[in-house]
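Enquirer: Sequence:
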Amino acid sequence: MLTRYEVTPEMLLYRFSELIPQFFGIRLHFLRFHNTATGYRLIKQLNMSQVLVPSGIGLSEHFCRRWLSVRLLREMEQGQGPAAPADPPLVGVQLSEFLESGERFLCIGFGRPLAMQPDVKSSVIVGFPVDGDLMKVVRFADDPAIPREIIHETCERCPLTAEQCAVRGAEPVILQAKQAERERRLALSRLAAQLREE
492 MLTRYEVTPE
502 MLLYRFSELI
512 PQFFGIRLHF
522 LRFHNTATGY
532 RLIKQLNMSQ
542 VLVPSGIGLS
552 EHFCRRWLSV
562 RLLREMEQGQ
572 GPAAPADPPL
582 VGVQLSEFLE
592 SGERFLCIGF
602 GRPLAMQPDV
612 KSSVIVGFPV
622 DGDLMKVVRF
632 ADDPAIPREI
642 IHETCERCPL
652 TAEQCAVRGA
662 EPVILQAKQA
672 ERERRLALSR
682 LAAQLREE
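Here the sequence shown stands for residues 492 to 689, where the numbers follow the numbering used here.
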């Protein structure tokens, strides 16, 4: 389709994001990421699926390295996929499941260097919530050949251990701080209960 219509991956997926909800009634989200000197940056989003896209999260946090959009960027950094903007893009598909909510999304995406900035790698994806509506229209959505990943919002908020996630970009410092705060409150509640009993 990219060659036939002479469009970039972003143009194709953005057009999908306009047509698929209108003609098939399927909600979706569209994400565009770039790799930068400081990490992976969310550049564009269109969120019609109510997926938790952590755009308002702290600037210093690291997006989950298991997201398809980030995985494509990592693979390009490791020498996989196109070396130049004119090369065919890296293509990916993934069934993502959020660790805590269990929500699942079928994600399809492309990765490639930008034409005007070849040193900047870009990935674009569309993601569809896996539900009855999607299964009626996209019959391959639950194909066992599609890679599956448990994902989270950001590394700093993720409870997966190093053994469970080999691609963690940062320690779970926000999660640890919240756990420490809960433990402090619990200890204070116990102390207050003891003082009331005396």
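Heads up, a few of these hints could be off.
[What the hints assert, rightly or not] The calculated lysine to aspartate or glutamate pairs, modelled on EDC-like cross-linking and capped at a C-alpha distance of 20 Å, are: (1) 669 to 501; (2) 535 to 509; (3) 627 to 591; (4) 669 to 591; (5) 535 to 552; (6) 535 to 578; (7) 669 to 688; (8) 535 to 644; (9) 535 to 610.
[Unchecked claim] With beta-carbon atoms standing in for the labels, derived distance ranges: (10) 539 to 497: 23 to 33 Å; (11) 535 to 588: 50 to 60 Å; (12) 676 to 496: 13 to 23 Å; (13) 606 to 571: 27 to 37 Å; (14) 528 to 630: 17 to 27 Å; (15) 503 to 654: 36 to 46 Å; (16) 662 to 576: 43 to 53 Å; (17) 677 to 579: 13 to 23 Å; (18) 495 to 515: 18 to 28 Å; (19) 669 to 514: 41 to 51 Å; (20) 630 to 551: 39 to 49 Å; (21) 631 to 551: 36 to 46 Å; (22) 514 to 591: 45 to 55 Å; (23) 675 to 591: 30 to 40 Å.
In short, the hints are calculated from the structure, not lab data.
We put the CB at the ideal spot given by N, CA and C, even for glycine.
Enquirer: Determine whether the Cβ-Cβ distance between residue 630 and residue 551 falls within the hinted range of 39 to 49 Å.
Expert: holds (42 Å)
Enquirer: So does residue 528 sit 17 to 27 Å from residue 630, Cβ to Cβ?
Expert: At roughly 42 Å between Cβ atoms, residue 630 and residue 528 fall outside 17 to 27 Å, so the hint is violated.
Enquirer: Taking 45 to 55 Å as the hint, is the beta-carbon distance of residue 514 and residue 591 inside that range?
Expert: violated (33 Å)
Enquirer: Does residue 591 sit within 20 Å of residue 627, going by the straight-line distance between their CA atoms?
Expert: Measuring from Cα to Cα gives roughly 26 Å; hence the hint is violated.
Enquirer: Decide if the proposed pair is consistent with the structure: residue 535 and residue 552, CA atoms, cutoff 20 Å inclusive.
Expert: Given pair residue 535, residue 552 holds - Cα atoms ~17 Å apart, limit 20 Å.
Enquirer: Just to be sure I understand the hint, the distance between the Cβ atoms of residue 676 and residue 496 should be within 13 to 23 Å; is that true here?
Expert: violated (57 Å)
Enquirer: Does the Cβ-Cβ separation between residue 606 and residue 571 fall within 27 to 37 Å?
Expert: violated (19 Å)
Enquirer: Do the Cβ positions of residue 503 and residue 654 conform to the proposed distance bound of 36 to 46 Å?
Expert: holds (38 Å)
Enquirer: Would you check the hint for residue 669 and residue 591, treating anything up to 20 Å between C-alpha atoms as holding?
Expert: holds (16 Å)
Enquirer: Just to be sure I understand the hint, the distance between the Cβ atoms of residue 669 and residue 514 should be within 41 to 51 Å; is that true here?
Expert: About 43 Å separates the Cβ atoms of residue 669 and residue 514, which means 41 to 51 Å holds.
Enquirer: Does the Cβ-Cβ separation between residue 675 and residue 591 fall within 30 to 40 Å?
Expert: violated (22 Å)
Enquirer: Is 50 to 60 Å right for how far apart the beta carbons of residue 535 and residue 588 are?
Expert: 24 Å Cβ-Cβ, so the 50 to 60 Å window is violated.
Comparing the model with each earlier hint shows violations of hints 1, 3, 6, 7, 11, 12, 13, 14, 16, 17, 22 and 23; every other hint is respected.
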